[in-house]
Structure formats: structure tokens, C-alpha cells
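Enquirer: Spelled out, the chains give:
Protein chains: 2
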Amino acid sequence: MRMAELSAESGVPVATVKYYLREGLLPPGARTSPNQARYSAAHVQRLRLIKALTEVGGLTLASVGAVLRAIDEHETPHQTMGVVQQELAGPAPKVSDEAAGWATGLLQDLARRHGWQWHEPGTGEPGNNEVANLVAALATAKELGHERLAERLDEYVRLALRVAEVDVEVVVGLTSVDKIIEVGLIATVLGDRIFAGLRHLAQEQLSRELLGGPPA
Amino acid sequence: MRMAELSAESGVPVATVKYYLREGLLPPGARTSPNQARYSAAHVQRLRLIKALTEVGGLTLASVGAVLRAIDEHETPHQTMGVVQQELAGPAPKVSDEAAGWATGLLQDLARRHGWQWHEPGTGEPGNNEVANLVAALATAKELGHERLAERLDEYVRLALRVAEVDVEVVVGLTSVDKIIEVGLIATVLGDRIFAGLRHLAQEQLSRELLGGPPA
Chain A
0 MRMAELSAES
10 GVPVATVKYY
20 LREGLLPPGA
30 RTSPNQARYS
40 AAHVQRLRLI
50 KALTEVGGLT
60 LASVGAVLRA
70 IDEHETPHQT
80 MGVVQQELAG
90 PAPKVSDEAA
100 GWATGLLQDL
110 ARRHGWQWHE
120 PGTGEPGNNE
130 VANLVAALAT
140 AKELGHERLA
150 ERLDEYVRLA
160 LRVAEVDVEV
170 VVGLTSVDKI
180 IEVGLIATVL
190 GDRIFAGLRH
200 LAQEQLSREL
210 LGGPPA
Chain B
0 MRMAELSAES
10 GVPVATVKYY
20 LREGLLPPGA
30 RTSPNQARYS
40 AAHVQRLRLI
50 KALTEVGGLT
60 LASVGAVLRA
70 IDEHETPHQT
80 MGVVQQELAG
90 PAPKVSDEAA
100 GWATGLLQDL
110 ARRHGWQWHE
120 PGTGEPGNNE
130 VANLVAALAT
140 AKELGHERLA
150 ERLDEYVRLA
160 LRVAEVDVEV
170 VVGLTSVDKI
180 IEVGLIATVL
190 GDRIFAGLRH
200 LAQEQLSREL
210 LGGPPA
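One line per chain: the protein sequences are A and B, in this order. In this text, residue positions in the first sequence follow numbering that gives the first Met the number 0: the first is 0, and each later residue adds one. In this text, residue positions in the second sequence follow numbering that gives the first Met the number 0: the first is 0, and each later residue adds one.
Since the hints were derived computationally from the structure, they do not count as laboratory data. Fair warning: this is a prediction, and the values are worked out from it, not measured in the lab. Incorrect hints may have been included.
Which copy is meant is left open, because identical chains are indistinguishable; a pair holds if it fits in one copy or across any two.
[Stated by the list, open to error] Calculated lysine to aspartate or glutamate pairs in the DMTMM-like style (CA-CA distance at most 25 Å, straight line):
hint, residue 1, residue 2
1, LYS17, GLU4
2, LYS93, GLU22
3, LYS141, GLU154
4, LYS93, GLU208
5, LYS17, GLU150
Whole structure, please, built from the sequences with the hints as guidance.
Expert: Put into C-alpha cells, the structure is as follows:
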């Protein structure tokens, strides 16, 4: 298909498609003349993926580039998902050393109890931004005087494991490595958004009953 | 305390504190002379809250303003949490009408099965951005050809309800309305970040075993 169809099919404006081509986020089409090229269904899918990562996942184009490079370089699914999670987490906010030390201790105990491999924050390892962001979120709760949240951490871990089991089941039925990576990516990016949305709706139903909302 | 101490105590630079005062995000201190004012522990807590909402929650300052106004106007905890969730969700990304119709049908069925009150997207009701974003995330999965995610939606709903029960238990033990709102706010903003982080770590452990990561 030509550029105009590619744009119509993917819902991405022509100027944006051209920008993605220049930035290398979208591979070039097959040249048919000096200023014309043909694009395929793979281009449409790639554009939809970029849209999902930026608009639903909230990733910057730089992060999208890192994720797409990891996919294109055919790293293992495990490694690719590491890059995805690293980019989704982004750099962690600054917190006080005292609160960070408290939160790191909590998470180390948790990792030990659940037999999880522990990524020391700040070493540049994959999974590292993730841990650094977890430390920052827990430390922020402590700085605000709400370390009580941490008392329920074991229950959150148990539920997070159940959610991750469903996530992984969605992925492992697939046979193609490309599909595994794509679905894993989508399950993570869209899955976070979907689960947070369901959790908020559930909180609203429960708080309506318990905290006295207006009658339904 | 004076401005310099307020800045040191909260970890927020003086120029930023002054900006928040001008924007009305932080209430003025008690004047002690024409160009001096005294600030209290409540000011420190408010600054930490703004920091948590922007740096961990990723809210814009406009959204933070909306949340703080809802708190200061002493709406009921239920209504305040509605504003918080509305601002956290933000406006929903655009998706095709066909995919949006499919996702809306799915969510209506789900709401019926679980006895949840359903907020029609686009009516400006609280909880509305949340539903519109859920619709957009599911519709995006469909556009990408991954409607399979939706097959497991009932399991995600069941787990989201369990997580929300823990969230609400953290809050209902409290007696002061101000505390309920503050903890609810923190549980939502930090809670989303913490749960997503735990889920990713759990996914990583499971995918290491199932998808063949490097040996630990």
C-alpha cells in the first residue's frame, strides 16, 4: 500500500509516519520509484504498536525506540521484556536516604521470603529501574507518614503473583517468538492500564458502600 | 518555620515552593513582617503530597490543583477519591469506533456480571475518564489483533476486587475524615505504582522460568 493508505489504515497522520521513518522507528518501505515506496501489513502493525506504547503506555518516543530496537535485535523474550519494563518504569524520583534505606530493607526481606531474584538498584541491570521505582514509591509513603501501607505488602505480593500468572498464561500458549514478544509487550503495557482501571472501579464500588457515597 | 527550613524539611527547592504559593497549591504562611512568613508542619506535609502526586503519580500541576481543591473543599471521601481517579486517568487516547464499541460491550457485560455501577463514557460523571481509558486500552488490544487478553478479563476483575479490598481495609480503620482522604489518595497514587512494580517483578520471575532467561 502507499503512504496515504498506510496512514488511513493505522490512524497515524502522514506527517507523523514520515517523522517515524526519519527517526528509524518505522522501517523503510520497498522503493518503487525515486519518491514512492510501498508499505505492508507489518508497517500498519508497527504503527499501531507505537501508538499503543505512546498513547496508552505513556512512553516517550526515546523509550519506544529502545523497546523497538530490543524487538528488532531479536533478543530473547525474557531480555526484551526486561527492556520494556525498564522503559515503562523510567527513572525513579529522588527520595531521602533514610526512607530509601527503609524501603530497600523491606523489599530485600520480601524478595527473600518469596524466593525472588533481587536487583540491587543503581547497578544498571535490567529490572533495575523497576526496583528503584518501587523503592521510591514505598519511601514516599514513609516520608508522608503512611508506612502502614507496607504492612499489607505480603498480600499485595501474593495477588501480584496471581495476576502475573494470568499474564504469563496469555503468552505461553503462543509458538512464534515474535508473537510472544509482541503479546508480552502488549500484555504489560495495556495490562497495567487495564488492571489499574479495574482496581479503581472496584475501589469505587467498595468505597461507595463503606465511606458513604451518594445513593446509586 | 521559615521558608529556608520549609524547603530543607520537604526537599522542595525554595523557587518551587514560591511557585506553588503563587499558584495557590500551597496555602500562604502566617505573616510575621511585610516580607516574612512562618510555615507549619501542615505546609511540609502538603509539599510532600505535591511531590508524591507529581513525581510518583506522574500528575501534571493542573491535575494536582484539581485534587488539592477537592480535598480543601471537604467533599466526601467518596467524591474526593472520584476526582483523584479522574485526574490520574487523564483523557483517554483516541481509538476506532468499531474497537471502542466492542470494548464498551465487554465492559458493560462485566459490570452487569459483577453488579458494578456503570459510568457511560463521555458524560462527565466521576469515574468517567477511568471507564473511557479502560475502553481505550481494551480497544487498542483489539486493534493490534490481541483481543485474547479480553478472554481473561473475569480473572483480572476477581483479582482487582481482592486488591481493592486490601486498599479499602488500609483506609477504613482511620477515624479522621482528613486522614481517610489523605491515605486514600496515597493508597491510590502510590498503590498503583507499587502494585505494577510487584506485578512486573513477578512476571520476570515467572518468565525467567518459562521463556528461558539466562541462568540466575
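Enquirer: Now look at each hint and say whether the structure bears it out.
Expert: Verification of the supplied hints:
no.: 1; hint: LYS17 <-> GLU4; in the structure: within (13 Å within a copy, 51 Å between copies)
no.: 2; hint: LYS93 <-> GLU22; in the structure: between (31 Å within a copy, 23 Å between copies)
no.: 3; hint: LYS141 <-> GLU154; in the structure: within (18 Å within a copy, 32 Å between copies)
no.: 4; hint: LYS93 <-> GLU208; in the structure: neither (37 Å within a copy, 33 Å between copies)
no.: 5; hint: LYS17 <-> GLU150; in the structure: neither (51 Å within a copy, 36 Å between copies)
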